[in-house]
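Colleague: Listed below, chain by chain, are the residues.
Number of protein chains: 2
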Amino acid sequence: MAAPSKSLRPALDAIGKAIDQRFDRLLTVPEDTRAPLFKAMRHAAIGGGKRMRPLLVVASCDLFDVPRERALRVALAIECIHVYSLIHDDLPCMDDDDMRRGKPTVHKAFDEATAVLAGDSLHDFAYDLLSHEDTHLDPFVRIDLIRALTAASGAMGMAGGQMMDLVAEHTAYDLGGVTRLQQLKTGALIGFCLEAGAIMGDVPEAERTPLRGYARDLGLAFQIADDLLDVEGSEEKAGKALRKDEDAGKATFVSLLGIERARTQARMLIDQAIEHLAHFDHRADLLRAIARFAVERDR
Amino acid sequence: MAAPSKSLRPALDAIGKAIDQRFDRLLTVPEDTRAPLFKAMRHAAIGGGKRMRPLLVVASCDLFDVPRERALRVALAIECIHVYSLIHDDLPCMDDDDMRRGKPTVHKAFDEATAVLAGDSLHDFAYDLLSHEDTHLDPFVRIDLIRALTAASGAMGMAGGQMMDLVAEHTAYDLGGVTRLQQLKTGALIGFCLEAGAIMGDVPEAERTPLRGYARDLGLAFQIADDLLDVEGSEEKAGKALRKDEDAGKATFVSLLGIERARTQARMLIDQAIEHLAHFDHRADLLRAIARFAVERDR
Chain A
3 MAAPSKSLRP ALDAIGKAID QRFDRLLTVP EDTRAPLFKA MRHAAIGGGK RMRPLLVVAS
63 CDLFDVPRER ALRVALAIEC IHVYSLIHDD LPCMDDDDMR RGKPTVHKAF DEATAVLAGD
123 SLHDFAYDLL SHEDTHLDPF VRIDLIRALT AASGAMGMAG GQMMDLVAEH TAYDLGGVTR
183 LQQLKTGALI GFCLEAGAIM GDVPEAERTP LRGYARDLGL AFQIADDLLD VEGSEEKAGK
243 ALRKDEDAGK ATFVSLLGIE RARTQARMLI DQAIEHLAHF DHRADLLRAI ARFAVERDR
Chain B
3 MAAPSKSLRP ALDAIGKAID QRFDRLLTVP EDTRAPLFKA MRHAAIGGGK RMRPLLVVAS
63 CDLFDVPRER ALRVALAIEC IHVYSLIHDD LPCMDDDDMR RGKPTVHKAF DEATAVLAGD
123 SLHDFAYDLL SHEDTHLDPF VRIDLIRALT AASGAMGMAG GQMMDLVAEH TAYDLGGVTR
183 LQQLKTGALI GFCLEAGAIM GDVPEAERTP LRGYARDLGL AFQIADDLLD VEGSEEKAGK
243 ALRKDEDAGK ATFVSLLGIE RARTQARMLI DQAIEHLAHF DHRADLLRAI ARFAVERDR
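Listed in order, the protein sequences are those of chains A and B.
For the first sequence, our numbering gives the first residue as 3, with consecutive numbering after it.
For the second sequence, our numbering gives the first residue as 3, with consecutive numbering after it.
No wet-lab data here; the hints were simulated from the structure.
Identical copies carry no separate label here, and so any pair may be met within one copy or between two of them.
Here are the computed lysine-lysine pairs in the DSS-like style, where the Cα-Cα straight-line distance is at most 30 Å:
no.	residue 1	residue 2
1	242	105
2	246	41
3	246	110
4	110	252
5	252	41
6	239	105
7	239	19
8	105	252
9	19	41
Between the sequences and the hints, there should be enough to build the whole structure, so can you do that?
Modeller: This is the structure we're talking about:
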């Protein structure tokens, strides 16, 4: 039996704490003029966010009995990439956001230049974490993780999706276009979270299909839910500004499908995501719960 | 006998061509709305710059008979990091430069958001290049390269040096402070260029000392020469705005030492750099020529 989504709260609290503790230990502030850089990295990386991506990494690693401490290193790496992308995304020249995760954005709490460098530094730190033998003794595994991450986060993945999003104000994307944009912008990194478990667990390529299907459907459902939250949610709960896509005239799943069809589509994708996990036993309960949570988040 | 520095021109031309050809082949522009991102990456990466870092990588790899095509992949990776750092450095919130390598900076030729993403994408591409088996069959070698690069380019290296530089306008750095700043901001990446040859050539740690000494002395001499060019050079030849440090009231080797002592210091460092290579035969001639070139560049 799948766990009900309300049971996700303890798992989210636990991963949040685990990630915060490790960032706190790893990102020590030097006593020289580099201090603002490290403070800015800590401001962005510690305390905040749902830590959905780290939880996905841990849940995926649990399927293959990967030791928890190693899984957490991969989780930290993916969170570094996510956080760096948020810092750069929030810059005045990008989305120009003042609030993120209920706190001032890095360029507001520090300044723009420090924000650029803090993002760049977390970007490197992700690869540093993955390259270390504490992540896995087998260098082939570490190389596989790094290659998968460059594909997910670079121009062929997340950054490419962000470029598509930049021109969205002047581009009439249809449903296929928005789907492609989101598959790159958020889906690629979510895909990496699931792939990471398979890489760490040394799962043969052919057996990774269910996880990839789960990641693809979850990623889209997650984005549709985000679009719905953007229209229906409260800025206070979200910890960031909402309704910016609508104001900018960007096509979203909700603007193209309408609220009801978007909601139906998200639920259908979640059912499909969970079906991909059919041949996994109770060890996939956390992934099932994450999927349900993705479309039932607080408004 | 060491080659005279005038003989460096063919080597510089050859490496420039080799790098341009490979970037041209690797950075193909997709026929969709991601196109501006790839065009911006090409704008920054192809055609321009002295390609000093790629040449150092190749020269260092030549010492240990590393196949040229593999050495060039490492050279491309380090150039990706250098170029990404220039793109972000040139942003209005950082140095606010309009010209770079004789062309409009990326945010001028495109826009700021595209520049941020192009830098981020080249950053990932560096790690992508190093992680591929075309760079080296042994995954331990690839992991070593990646770890050395994260150390050289992240918060403990280049980005940390850039942070020190950001606060330089409000910090009275003495000679030790400026030296430390430059060792991180430009020295760390130059250090990686030399280390890369030793890693690719599987040279034991204990035997890397001469290369590290060469890199340290060359890096400082190179920076002093840059400071001299900044005071004495022509903007046309440099392909970028000059005398910005002076205007901002930042301490430099020249402002702290004066022109004559700075020039003497640079020459002494170059002599010292070349001495480190004493037990290498003619295969180190290229490294010797690069060292001489570093302090004899066109004004």
